[in-house]
Amino acid sequence: MYPVNTVSTNYIYGGWSGHISYSLPHQGWKIHISAIYEDYQIVLNHVAFLSKKFNFSFKYASSKNLIDSLLDIHGDRTSGGKLITIYPQNEHHCYQLLCTLYRYLKSFHGPIVLSDMQFKETTNISYRYGVFVGESGKNFLYHNNEKYLDKKVPYFLLPPFIKTDPFVENKFPTKKLDPLWNDITVDNAIKFSFGGGIYLGSYLNKYKIVLKEALYGVGNNTGKAIAKRKNEYRILSILKGEYFPKCLNYFYSQRNYYLITEAILGKTFYDYFSSLGPVVVENQKKEQSMSELVSIIKQISKLISYAHNKNVILRDIKPSNFIITNENTVFFIDCADSIVGNQEKYSDQVKTPGYTIPNDLYNTFAEDWFKLALPIIDALSGINRNSPPASFTQVYSMFNKALNIQGFSKIWADIITALSQNNIKKFKLLLDDQRLCTITLRTINDSPKKLVINNFLIHKEYISNWLYMSLSPADQNLFDKLSKCDQYMITRELDILLKKFIIKNNMTYIKIKNIYSPYIQNGSTGLAYIILYFCDKYGLVNQLEVLKPFLSKFKGRYVKSADVKTGATGISLLLLYAGIVTKSTFFLKLALSWDEYIDILSFEISGKKVWCSGLPTNKNNYSFYAEAYEIQKFKQLIFHAGR
1 MYPVNTVSTN
11 YIYGGWSGHI
21 SYSLPHQGWK
31 IHISAIYEDY
41 QIVLNHVAFL
51 SKKFNFSFKY
61 ASSKNLIDSL
71 LDIHGDRTSG
81 GKLITIYPQN
91 EHHCYQLLCT
101 LYRYLKSFHG
111 PIVLSDMQFK
121 ETTNISYRYG
131 VFVGESGKNF
141 LYHNNEKYLD
151 KKVPYFLLPP
161 FIKTDPFVEN
171 KFPTKKLDPL
181 WNDITVDNAI
191 KFSFGGGIYL
201 GSYLNKYKIV
211 LKEALYGVGN
221 NTGKAIAKRK
231 NEYRILSILK
241 GEYFPKCLNY
251 FYSQRNYYLI
261 TEAILGKTFY
271 DYFSSLGPVV
281 VENQKKEQSM
291 SELVSIIKQI
301 SKLISYAHNK
311 NVILRDIKPS
321 NFIITNENTV
331 FFIDCADSIV
341 GNQEKYSDQV
351 KTPGYTIPND
361 LYNTFAEDWF
371 KLALPIIDAL
381 SGINRNSPPA
391 SFTQVYSMFN
401 KALNIQGFSK
411 IWADIITALS
421 QNNIKKFKLL
431 LDDQRLCTIT
441 LRTINDSPKK
451 LVINNFLIHK
461 EYISNWLYMS
471 LSPADQNLFD
481 KLSKCDQYMI
491 TRELDILLKK
501 FIIKNNMTYI
511 KIKNIYSPYI
521 QNGSTGLAYI
531 ILYFCDKYGL
541 VNQLEVLKPF
551 LSKFKGRYVK
561 SADVKTGATG
571 ISLLLLYAGI
581 VTKSTFFLKL
591 ALSWDEYIDI
601 LSFEISGKKV
611 WCSGLPTNKN
621 NYSFYAEAYE
631 IQKFKQLIFH
641 AGR
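Under our numbering, the first residue of the sequence shown is numbered 1, with each subsequent residue one higher.
Worth flagging that the hints you see were computed from the coordinates, not collected in a lab.
Keep in mind that the hints are not guaranteed to be accurate.
Label pairs and their computed distance ranges (CB to CB) [unchecked claim]:
(1) HIS640 to LYS548: 21 to 29 Å
(2) LYS589 to TYR155: 40 to 48 Å
(3) LEU204 to ASP271: 52 to 60 Å
(4) PRO166 to THR491: 50 to 58 Å
(5) ASP271 to VAL186: 40 to 48 Å
(6) GLN284 to SER483: 43 to 51 Å
(7) GLY407 to LYS206: 43 to 51 Å
(8) ASN283 to SER63: 48 to 56 Å
(9) SER8 to LEU265: 39 to 47 Å
(10) PRO160 to LYS548: 20 to 28 Å
From a predicted model like this one, the values you see are computed outputs, not experimental measurements.
Note that the Cβ used here is the ideal one computed from N, Cα and C, for glycine as well.
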């Protein structure tokens, strides 16, 4: 999408195009313009015209993929709605442009940019202070020779060195809320997306509820946030609360739509299998866990059959949409994308990374059964979550390898085949087979391959640098700050970091935002590297001894992917480094156990082994193979040092 008005373009990158008419400062006040999908072309034309008239620099989303992602209801809350970014030369210039844009664009509406402050009473014009041009993926602000991370958060946040908003007198005025809010108490948020939040609370001081919010203007031509929540009200009314939450009410407030349903309390299917499932529990509990998993899948089968009898196709079958109560009763909690079968024609398809299906099955009753196979694969291996571009045949092959290494029954592979072929009768018969719960335990890494510490000593600095480059920007910043401290301060900081480690289900984690993460980026592997590095540098024996028991619990098990930053390769790389620092072959053996899992998470394309990270490297890069090169480097390191 490009402006009708002729405007010179000297910036094209990642779906963005731009007109830069002066040298941009490193940081400053910037302006964002949002728009509803249907108005974007007109709004863009206006901004291009104003740019020529008032000579300002700006960039705009020009590719369809980028526009869709910025307006996607499931999109990033920190970047959502930022279709156009304007770069003023200074604070005074910013205020002039805000006033000018207000005169020309105030009659338009758009989704509110959550990271910004709205200007006057508009929903489509906003501003924030931040970096104009980032530093190779890291965004730092500078003031008085100090460096600050430009934090991307879904609310307006001033950097520490700016005490007051200079445009505060023109901020968006507070509006009176709908009186129905008086009957609602919100306790906490369950989930956030650009399309709206999901909250837990109470209604009329009587009902425990889930409040589902749909924000105005969010959505593209494949689905609007408000339309989807209104559809959910219709579907839930058909399903009448059996296996599904009951609808209690709905209302509009400040252009947004709110759906009130009864609260179903418990674990999501994903939380269940990643904390209590047979992959992660201790060996003596695996058969009991498998038996409980079979019971849960039987309930999901009944749930899907019930919906189909009501002529409803659920479509959005994935682990996070099933809730398992404390009594192990299963509910399906998100019908926003569900449809009435055989009555209406639907062109859109509900696609989730790792949950894609043959095109001819979308919007049919067979879609639900095929998609049920994928959470089962997830629960027993995590394979499909890691490899979205892989074909189902390739996913199935990896799943068989995962069953073998974990000692799970091969009947699970037959169940997946039955669901993929829509043979529901056979699927239900197989679920009654008692052999499903039998576990054949084996020792991970029975191979004769050995890793010798001396072979890795020459790679110590290389591995350390690799781990450092894989840290999150915040953890890199922490590492850099510690590098400037004396030994006393470092010791104090490491003691604080060590208190963040926990052992849960016999695995080491740190808890961040209610997520237990074992990975390099924002996880226990990243912090463990920082502690190891400084313990080694300063000979901090006490801190190293505290860390060792946590390192011993980095055992091979279910992970999201094979990549370095958020997967098995990064954990194995840390254990190699731990073996070098501690001169312990025990940690090298643990590293090899992860190496075996990395192999399971691979498949072949044109005769070559590849891995998928499971996530694009950024929101504008849709390649899922970005981390394969890093994994290959690791495999070569293991091969050469292991000889």
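Consistency of the hints with the structure:
1. Evaluation of the 21 to 29 Å hint for HIS640 and LYS548 yields a pass: the beta carbon distance comes to about 27 Å.
2. A C-beta distance of roughly 46 Å is found between LYS589 and TYR155, which places it inside the suggested range of 40 to 48 Å.
3. At roughly 29 Å, the beta-carbon separation of LEU204 and ASP271 lies outside the given 52 to 60 Å, and the hint is violated.
4. Look at PRO166 against THR491: about 43 Å separates their beta carbons, and that is not inside 50 to 58 Å.
5. Between ASP271 and VAL186 the C-beta distance comes to about 22 Å, which lies outside the given range of 40 to 48 Å.
6. In this structure the supplied range 43 to 51 Å holds for GLN284 paired with SER483, their Cβ-Cβ distance being about 45 Å.
7. Between GLY407 and LYS206 the Cβ separation comes to about 49 Å, which falls inside the hinted range of 43 to 51 Å.
8. In this structure the hint that ASN283 and SER63 lie 48 to 56 Å apart at CB holds, the actual value being about 50 Å.
9. At about 57 Å, the beta-carbon gap between SER8 and LEU265 misses the expected band of 39 to 47 Å.
10. Look at PRO160 against LYS548: about 37 Å separates their beta carbons, and that is not inside 20 to 28 Å.
Consistency with the previously given hints fails for numbers 3, 4, 5, 9, 10, ordered from lowest to highest.
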